[in-house]
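Visitor: The residues making up each chain are set out below.
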Amino acid sequence: MRTKILSLLENDSRLTTKDIAAMLGVSEAEVAADIKAMEEGKIICGYHTMVDWDKVSEEKVTALIEVKVTPQRGQGFDKIAERIYNFDEVSSVYLMAGTYDLAVFINGKSLKEVSSFVYDKLATMETVISTQTNFVLRKYKDHGLIFDRAKSEDERLAIVP
Amino acid sequence: MRDPLSKVIKEIKPSGIRKFFDIVSEMPHAISLGVGEPDFDTPWHIREEGIYSLEKGKTFYTSNSGLMELRKEISKWYKRKHDVDYDAKTEILMTVGGSEGIDVALRAMLDPGDEVIIPQPCYVSYLPCVELAGGVPVTIELKNENEFRLTPEELLAAITDKTKVLIIAFPSNPTGAIMTKKDLEPIAEICKEKDIFVISDEIYSELTYIEEGHTSIASIPGMKERTIVINGFSKAYAMTGWRLGYAMAPRVIAEQMTKIHQFAIMCAPTTSQYAAIAAVRDGDKDIEVMRESYDQRRHFLMNTFAEMGLPCFEPRGAFYMFPCIKEFGITSDEFATRLLKEKELAVVPGTAFGDCGEGFLRISYAYSLEQLKEAMGRLSEFIETLRK
Chain B
952 MRTKILSLLE NDSRLTTKDI AAMLGVSEAE VAADIKAMEE GKIICGYHTM VDWDKVSEEK
1012 VTALIEVKVT PQRGQGFDKI AERIYNFDEV SSVYLMAGTY DLAVFINGKS LKEVSSFVYD
1072 KLATMETVIS TQTNFVLRKY KDHGLIFDRA KSEDERLAIV P
Chain W
5 MRDPLSKVIK EIKPSGIRKF FDIVSEMPHA ISLGVGEPDF DTPWHIREEG IYSLEKGKTF
65 YTSNSGLMEL RKEISKWYKR KHDVDYDAKT EILMTVGGSE GIDVALRAML DPGDEVIIPQ
125 PCYVSYLPCV ELAGGVPVTI ELKNENEFRL TPEELLAAIT DKTKVLIIAF PSNPTGAIMT
185 KKDLEPIAEI CKEKDIFVIS DEIYSELTYI EEGHTSIASI PGMKERTIVI NGFSKAYAMT
245 GWRLGYAMAP RVIAEQMTKI HQFAIMCAPT TSQYAAIAAV RDGDKDIEVM RESYDQRRHF
305 LMNTFAEMGL PCFEPRGAFY MFPCIKEFGI TSDEFATRLL KEKELAVVPG TAFGDCGEGF
365 LRISYAYSLE QLKEAMGRLS EFIETLRK
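If you read the sequences in order, they're chains B and W.
Going by my numbering, the first residue of the first sequence is number 952, and it counts up by one from there.
Going by my numbering, the first residue of the second sequence is number 5, and it counts up by one from there.
Read the hints as simulated data drawn from the structure, not as lab findings.
One thing to keep in mind: the hints can contain errors.
[Stated by the list, open to error] Using 25 Å as the maximum straight-line C-alpha spacing, the simulated SDA-like pairs for lysine to any residue come out as follows:
#1 Lys185/W - Ile224/W
#2 Lys1060/B - Val1087/B
#3 Lys969/B - Phe386/W
#4 Lys969/B - Glu318/W
#5 Lys955/B - Val293/W
#6 Lys1092/B - Glu53/W
#7 Lys377/W - Val1087/B
#8 Lys377/W - Val977/B
#9 Lys969/B - Val293/W
#10 Lys377/W - Lys1060/B
#11 Lys955/B - Phe309/W
#12 Lys83/W - Pro190/W
#13 Lys987/B - His303/W
#14 Lys1090/B - His49/W
#15 Lys955/B - Glu311/W
#16 Lys377/W - Tyr1036/B
#17 Lys377/W - Thr954/B
#18 Lys377/W - Lys1090/B
#19 Lys198/W - Ser223/W
#20 Lys1092/B - Ser372/W
#21 Lys955/B - Ser372/W
#22 Lys969/B - Ser223/W
Quantities reported herein were computed from a predicted structural model and do not represent experimental measurements.
The shape of chain B in the complex, shown without the other chains (with noise of 0.2 Å):
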């Protein structure tokens, strides 16, 4: 229950209590405890909304920059993660197998705001071996939603048997 009270959520966050209990056939009290608990236990992290920034006249600029480190001993990458992820212009960090050990995902302003963080914040760190930035052009889709394409009509017949 608590797996199908989560992807009802993670697809519609904004699902009253009394929607999700209706839907799953379960009683309005039972989802908003099964609710607070996960929110307490950090299974639910938070509520967001899907914003497509470029419909929106201010300038915003995204970039992936791939960070190879080097391990810390005792702390493996936890530590300079933590370092990394601390900066509010940093959105998201994962650590990554392959070429490079930490992917970090950074919103500023412009490419100046971006690349100053890089060259002062980042590169600058002692276990940071090397940097590299990549700037997203587009978004087609995130978090499974697809942007941009117009919510289309039902196209099917109005009535059919």
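Fit chain W to the known structure of chain B by using the hints.
Guide: Same frame as chain B, but now just chain W:
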């Protein structure tokens, strides 16, 4: 000039749905819960396979019965899912939707005057197809208090010495009723004892909301040899526009069905058949995702009906609710017409599926939650005005 039309065709009534379709078409802001098809797009991996087949130039006729590879996959799938063995070579025929299968099966089996038992409310094509095939339809009125299942008593009362075929269709369009193994067993006994053939339209087989899932009557011992199973891709994989179904029948019947199909149709659409291979092979999880989503909306409507005080038995299959509106003292047609004109909400009156649908509405929940919420708001307001 002579009358260009046949007497048979002139006798057949047009579908009762037509009138509503015409009214809704004139109303741009109307919401409709009148659609009998999934609201999902066909899963991409299935569409992609169809596209790939076109790129590869697979644009020719297939054999009359359909692609062997597809029939083999269907044979495996039916064994796995519904525990019935069908020989891909001699017992499976790919058709243009389930609809063609019904038509061809009836034409292959009926002689003039043969009676065909049709439990109603039911899908709109059975009765005219029987008449077009020269048969005589004998209807049974299924009852709300039996949750619109067919009972052995009702069946026995309808059988005469002319009865040849029984058509059953569970999960049901329009009621959403299902018949479990336990419900089907006594029906099967009667068919065997009275030597009656069964056309079992199982197009909604993948959409049941009970633990044991769908039972095919063909899986009951002694029934496969007297059953024609009709199924297809439209409902399970959201592939209505691909027009692809199949019929599975004992060899003697399948051969004659193939003969009619060969002369009337040639073969089912080739692109659809290639896409369908991907569906049967890798589509189980698609079915599960859609089934779960329908189930959530079903719960949502059950709940909303309860809040409105609108009586409705709990449907456990397909994607329809069949609430009872007898308390309002107006006909289904009048209710649906007024609901459409006053609240711009389209539903289908139960009578479109047989006279015994009087006093009921078919409400499809193949719509998004937002659409359903908006629609239920309008329905609730309408009911309040009627109750005043």
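Visitor: All hints, please: hold or fail.
Guide: Here is how each hint holds up against the structure:
As the CA atoms of Lys185/W and Ile224/W are separated by approximately 8 Å, the hinted pair is consistent with the 25 Å bound. The suggested pairing of Lys1060/B with Val1087/B holds, with an alpha-carbon distance near 13 Å, which does not exceed 25 Å. Between the alpha carbons of Lys969/B and Phe386/W the distance comes to roughly 23 Å, so the proposed pair stays at or under 25 Å and holds. In summary, the hint linking Lys969/B to Glu318/W is supported, as the alpha carbons are separated by about 20 Å, within the 25 Å threshold.
With a C-alpha separation of about 11 Å, the suggested pairing of Lys955/B with Val293/W holds against the 25 Å cut-off. Under the criterion of a C-alpha separation no larger than 25 Å, the hint pairing Lys1092/B with Glu53/W is consistent with the structure, at around 22 Å. Distance restraint check for Lys377/W and Val1087/B: the Cα-Cα separation of roughly 38 Å exceeds the 25 Å cut-off, and the hinted pair is therefore not satisfied. Only pairs whose Cα atoms come within 25 Å are accepted, and Lys377/W paired with Val977/B is accepted, the gap being roughly 18 Å.
The hinted pair formed by Lys969/B and Val293/W meets the criterion: a straight-line CA distance of about 22 Å does not exceed 25 Å. The suggested pairing of Lys377/W with Lys1060/B is violated, with an alpha-carbon distance near 40 Å, which exceeds 25 Å. A distance of roughly 23 Å separates the Cα atoms of Lys955/B and Phe309/W; the hinted pair therefore holds under the 25 Å criterion. Distance hint between Lys83/W and Pro190/W is fulfilled; the C-alpha atoms sit about 23 Å from each other, no more than 25 Å.
With a C-alpha separation of about 23 Å, the suggested pair Lys987/B and His303/W falls inside the 25 Å cut-off, and the hint holds. Proposed proximity of Lys1090/B and His49/W is supported: the alpha carbons are some 22 Å apart, at most 25 Å. For the suggested pair Lys955/B and Glu311/W, the alpha carbons sit about 24 Å apart, so the restraint of at most 25 Å is met. Among the hinted pairs, Lys377/W with Tyr1036/B is inconsistent with the structure: their alpha-carbon atoms are about 41 Å apart, more than 25 Å.
Our distance criterion of 25 Å between C-alpha atoms is met by Lys377/W and Thr954/B, whose separation comes to about 24 Å. The straight-line distance between the Cα atoms of Lys377/W and Lys1090/B is roughly 32 Å, outside the 25 Å bound, and the hint therefore fails. Between Lys198/W and Ser223/W, the direct Cα distance comes to roughly 19 Å. Compliance with the 25 Å bound is thereby established for this hinted pair. Taking the CA atoms of Lys1092/B and Ser372/W, the gap is about 21 Å. The hint holds against a cut of 25 Å.
For the given pair, Lys955/B sits about 17 Å from Ser372/W by alpha-carbon distance, which is consistent with the 25 Å threshold. Restraint check: the Cα-Cα separation between Lys969/B and Ser223/W comes to about 41 Å, which exceeds 25 Å; the hinted pair is violated.
In summary, the numbered hints that this structure violates are 7, 10, 16, 18 and 22.
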